[in-house]
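Enquirer: This is what each chain is made of:
2 protein chains.
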Amino acid sequence: MTQLVYNFAEGNMNMRDLLGGKGANLAEMTGLGLPVPQGFTLTTTACHDYQVNHQLGQELLHQVDQALEQLSEISGKRFEDEHNPLLISVRSGAAISMPGMMDTILNIGLNDKTVAVLAELTDNERFAYDSYRRLLAMFGNVVYGIAEDAFDQVLTDIKTQKNYESDLDLTTEDLKAIVAEFKQIYRDSDKGEFPQKPKEQLLAAIRAVFESWDNQRARIYRRENQISEDLGTAVNVQEMVFGNAGADCGTGVAFTRNPATGENKLFGEYLQNAQGEDVVAGIRTPQSVEVLATEVPQLYDQLQDIAKTLEQHYHDMQDLEFTIEHGKMFLLQARDGKRTPAAAVKIAIDLVNEGLLSKQEAILKVKPESLTALLHPEFDAETMAEHPVLTTGLPASPGAATGQVYFTAATAKQASDEGHRVILVRQDTSPEDIEGMIVSQAIVTSRGGMTSHAAVVARGMGATGVVGASELNVNYAKKQANVGDQLIEEGDWLSVDGTTGNLYLGPIETTPATIKGDLSVLLEWAKKFAKLGVYTNADTPRDFQKALEFDADGIGLTRTEHMFFKPERLLQMRRVILARTAEQRAEPLSHLLEMQQADFYELYKLAGDKEVTIRLLDPPLHEFLPHDMAEIQEVAEQINVSVDYLTERIDSLKEINPMLGHRGDRLAITFPDIYQMQVKAIMTAVLRLSDEGQIVHPHIMIPLTDSQTEMGWVRKLVTDQITEMLADKEITIDYTVGTMMEMPRACVTANQVARESDFFSFGTNDLTQLTFGYSRDDVGSFLPEYIKKGILPADPFQTIDVEGVGELMKMAVNRGRLTKPDLPIGVCGEVGGDPTSINFFEKIGVTYVSCSPFRVPVARLAAAQAHILQTA
Amino acid sequence: MTQLVYNFAEGNMNMRDLLGGKGANLAEMTGLGLPVPQGFTLTTTACHDYQVNHQLGQELLHQVDQALEQLSEISGKRFEDEHNPLLISVRSGAAISMPGMMDTILNIGLNDKTVAVLAELTDNERFAYDSYRRLLAMFGNVVYGIAEDAFDQVLTDIKTQKNYESDLDLTTEDLKAIVAEFKQIYRDSDKGEFPQKPKEQLLAAIRAVFESWDNQRARIYRRENQISEDLGTAVNVQEMVFGNAGADCGTGVAFTRNPATGENKLFGEYLQNAQGEDVVAGIRTPQSVEVLATEVPQLYDQLQDIAKTLEQHYHDMQDLEFTIEHGKMFLLQARDGKRTPAAAVKIAIDLVNEGLLSKQEAILKVKPESLTALLHPEFDAETMAEHPVLTTGLPASPGAATGQVYFTAATAKQASDEGHRVILVRQDTSPEDIEGMIVSQAIVTSRGGMTSHAAVVARGMGATGVVGASELNVNYAKKQANVGDQLIEEGDWLSVDGTTGNLYLGPIETTPATIKGDLSVLLEWAKKFAKLGVYTNADTPRDFQKALEFDADGIGLTRTEHMFFKPERLLQMRRVILARTAEQRAEPLSHLLEMQQADFYELYKLAGDKEVTIRLLDPPLHEFLPHDMAEIQEVAEQINVSVDYLTERIDSLKEINPMLGHRGDRLAITFPDIYQMQVKAIMTAVLRLSDEGQIVHPHIMIPLTDSQTEMGWVRKLVTDQITEMLADKEITIDYTVGTMMEMPRACVTANQVARESDFFSFGTNDLTQLTFGYSRDDVGSFLPEYIKKGILPADPFQTIDVEGVGELMKMAVNRGRLTKPDLPIGVCGEVGGDPTSINFFEKIGVTYVSCSPFRVPVARLAAAQAHILQTA
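Residue numbers (the working numbering), protein chains in the order written: chain A, 1064 to 1935; chain B, 1064 to 1935.
Derived from the structure by calculation, the hints contain no laboratory data. Errors might be hidden in some of the hints.
Since the list gives no way to pick out one identical chain from another, each pair is judged satisfied if it fits inside one copy or across any two copies.
List time: in silico DMTMM-like cross-link candidates among lysine to aspartate or glutamate, alpha-carbon distance up to 20 Å [said to hold, decoys possible]:
1. K1541 <-> D1714
2. K1541 <-> D1707
3. K1541 <-> E1711
4. K1591 <-> E1256
5. K1852 <-> D1783
6. K1225 <-> E1287
7. K1717 <-> D1691
8. K1591 <-> D1581
9. K1883 <-> E1384
10. K1246 <-> E1441
11. K1851 <-> D1736
Predicted model only: the values in this text are computed from it and were never measured.
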């Protein structure tokens, strides 16, 4: 005989599959001796039977009867008892909580007779009829499928007619009339009379729960969330307790600790003489739960004991619902409490100190992503509430910023120089805008995705960024933008929330954030338990300084090209590109050499004994050239060539698909002197520091490598240059030359490529572009649709695509280590800072990740979690 | 004791590694009883010893002495013999023939004494001194490294002084004087006297051969051709015979069959009283070898016998060198003879008929690539010789064409309509030029590579094509082009050789080619022995008709987008693209439906019971929109929208990397109605043919698929449409829906993608682009450099990159067949017609290839060869 019904006392937390989440939880709490209203659970097996037979089987009905009998014995109440009628709630409860399914029916057991008994028993006729009309409405709606509106209309009509402000104004007589009208609604429907027999009510409710498992909303939800159809739902039947049965009654919700700050003190709200839904409905303003401490201290103490018991048992802060019925405390629900990121960190640390969690467990309690909220300024919540949202874009780089709008890099720079706080608003950005971006509090674009230039640069700089705000029309010519009728002119104030993607007209004050106290403790622990190194992508001492403050292990990626965009450098770079011969390139290259060695010197100096990996020139040359006529004329004059020549040269460098064109180490093959200059700059800086007593081991990274032969060729270019520079020196410098793994070909031939590489570093941005055939700059027109339709589970530029890109990475790791078992392998693309991706990287044996400075703490925590989970 | 020296009688053909190619061959022919001048071979082992010790070892010297002794016995001649001096040649001979190494020294053994003996013996003093002066020059140059010029100058001076026209005018006295002067050159060098001792001459020559293995040119050649350094070279020492010792002497070269036509008749040239180099030098005009038949019939018969023996032995047409010394025939060399493609085919067929080859062996004898020469018109060789080459581009599409130059598709079309033969000359071409391309005899571009739009379309149409002729400057504005000073104006005549890439000013007549006779026999056999199917890429009935003439198995790829470029269709397509809603798209789509179903009807009709695979829309939408202002204005008027709106829409469709953008089935996800229309057009055609009694099984191919979910989504779109159309029909139509494999992600997840695919077809163009990260349109700036530097062995768009792209393909085949063991898998990229690639495809289990019509025979032969080799 299969047991299809369990009393709460019979189950426990481990029986989720059979009893559902709620049922197992109620059983667990019962087992802990907590004052849970008693009841029983119909198992998911019973649900399966129902799916097959479309009726409640004899055995189930028999077991329900037995359980009701036992419940009557425990509670001393009984269906239709003249003195003490049993009232119950029926709730669904799958193993995984699921919207769309029937949730709750309260007050089952009430009928025309018991309502009067209840009134007498509680000495509160109004309460009894209020409960009855609630049952009628809930039952009618969820069991019989009568529209909710029909019941609401009755209430509305009476309140209008009597000029009531709220439901609380309804008198007993009103409620009796409402009950009568509600019963008429049943008669008017095709369902007939409201069933007066409590048993009939119960069985109809059970059937409704089982059927709701199969309704369309639930099915869609399961399909979208990949929840098995076979899971089924349990049904929980529980004795009702009433918080609204008088002044010695009440209901409340409480957190065992403060969910906003993490403070270890009971925190919550209490409403005297009310049922749970009154708290949620916000009809009356609840008091702090502390009111109990003064008014009914023994109940407050009991609540604190319950809190303690729960935390001791669940090893986490709990969110609980309770009801007091005539001075007796009942616990209705307890679960892990939601909390702010700051509270999450504090609670995790405190629980370790209290001996409730190990450090590893504490590390697993904090969502890595949530740390970003702790690392950026935020808007003052109260001020923000007064501002309507202008429009919403993609939350590209978290933080909050307020400032005056400028539409070009140049005007932004000028305004900033004049002391203004600047928001740069553009259709999109390009490397030429970099100086304007640096000075801006926030960067806003109307186009582009989460990995567009604007988004990447904003995150890299830790600036607030909102991109792809498609409702925003930017008109450069008119120096204005608009969202519908709302006009934004140059100099207008705009506030930008990079965490939500919201834009607000006008200024909103921000509160700065810090990394200290609990967060620094947590991150120290994380560092101890992480196996993956966490490096930063940094192109400037400013970026690197930030990353060092966040305890980065070093630099995993310095993009040297960003160094060429300052005006005096851009000029020299342009002279290099426009030269006709290697001889003509020599002179401007010598200027660039001078400037680059100073850049590298600063980075190495700052790094101390931390490692710095420098990637040689990557982007196509045309990115450095001017594009509009005015600029072309200016540049032609600057570098003393004809406009025709310059135009022709720009034209000849234009590419149809620049992403797949003449860039990266392909430039080294055709213009070896540019890479030679960069290597020279690196070594000049290294030798200078050597003279000053600092030993640097440079790591030189080659982008875009496709093959062993290509890597071998470039490697020789690099090592020849270094050998030449060290020829007449007394010292030896240990250095490595490694390759970006970003071309699928390099991944599948990694065993060969490894022969010429001292390390690998995955460039997941390019690798994802090529594996999918998606241009990051162009996915805006279809990728959102792919995600919306569920064709892609997530944006692969934000979270690694494990099955495709990940498979190539795994192949590259395995094949690379076939050749060199100890090959260091990093990840320096966008996903290097993404927790889900980091978990995957740990699995396949990556050595380190590198991400933008502000993501270093996130990555560190994710790395620790990945390693803890992997070794658990 | 290692045997380091082998007499010719001791070796055979299988000893190539030890005796080198030439030594093994001489030994083999000796074994056949052919009249080869005798001698011996120093082994490659001897060469290795020399590389190590840098001198000739005692054992080797001993064995050389023994071999010389034996040679003396066989020949009855001996070094420095007063009556019958032994003269020998020394030749290098590695297992693989290799330029850059020392080749030949003749007449070793001559000195101041033996030259007189030779004169007496042959009664030809002039011959003797002529031989001596030749030895002095060759030995001085190749053994002592004295510049050839020094010797040449002496001859030139005497001829000038005496007013001689050729070397033949030199008298005995002249030659004696020359010998004296040559010896003076030795004295003037730092090498001293010419060594008079024959033994000393021989050993110096042997050392020179061994050393030449290590010279720079040979090393570079080995590195470039991946020939092992360990191979080493053998040295062949052979008795001299003299074709220049009198009127009963002579020398000749002969082919056992006619190398131009394949006719089974001895073909060659003979020069009386001459040495071999006289034939090569072209100083005297040789006679046909048939002269022997009348003048010395028994020698001609002997030559025919030799030819027969050689063919019987080698099972192929041979190219042989012979010398007649005083009426005695000597065979100096025999090897497989070079031949024209036409001859190759005829000889292969004849050899089968003669019982010398199996059909399989015959198939292996013809180079697939060579067939292209048989399938295109050619220039008349004599006329062409009179034309200087204007410039040379890439030979993109073989054939020869002559016509008048036009620089735009429109003017080309107009000129063609007026009856002109047109050559379209452009910087590059785009889909908009298609109508101009169709009417052109040849397409010439100044930019782009072998897989540029112009090249692909030209090959597809079988039109002659030369692309990337970079010396050609095309000025659209002036309607002219130039190569340096040479100006080409609109309407000028130009001749284009697509096989060599040469351009010629003025008209040159062409001779048409046919597929018939021997070629059709060979291709029939090939079809029998091939396992891979050979389909064609065809977008029009015209293309398909051509392919059917070449016996294609059907269509492997129809690119439906090319059908949209005719003016009336382009208009409707533009209306589709510019519509704001699905409702607005409906009407123009209905027009396109009408036209597409007619296209498909024609193709299916032509196909009969052959299979046709239709690929749904692939390119990005902006390709269909106008780009210059005049055109934009015209189109805006045509479709009744404002220029502003059109410009904005064109702008919004522009992509930074269109290759990686919104195209292929990504369009289906966002605009399902376009694919629905195409499926409807296919099924309408199918149903129409069904009514007419022709059963069609449509194969529908989805481009750009990345994942199972994506393929599943599009598959459902297709099958829903078909199901809907068949709902009220009595018939069932078998159809398949398959995917292009062109994204690396699809390859690595092929086991998943196969679940939703009835077939795979590799799009190797895109797959190669993505695997390497190379844009076909942009590789011109670096790919040539990669190939030149040896970083890439070949252009991966022309020959499959086995290690990278091939690895992904192998993975896709294996994983796809894990899911569906019988999954049909095709290749429809450019390399589908490349023999080397086809061999790889056979290996990994591809089912069929699809290529442009004119490559079908090439692919068929390659497929047969691949299967024969694989199963050998």
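Enquirer: Checking each numbered hint in turn, tell me which of them this model violates, lowest number first.
Expert: 4, 6, 9, 10
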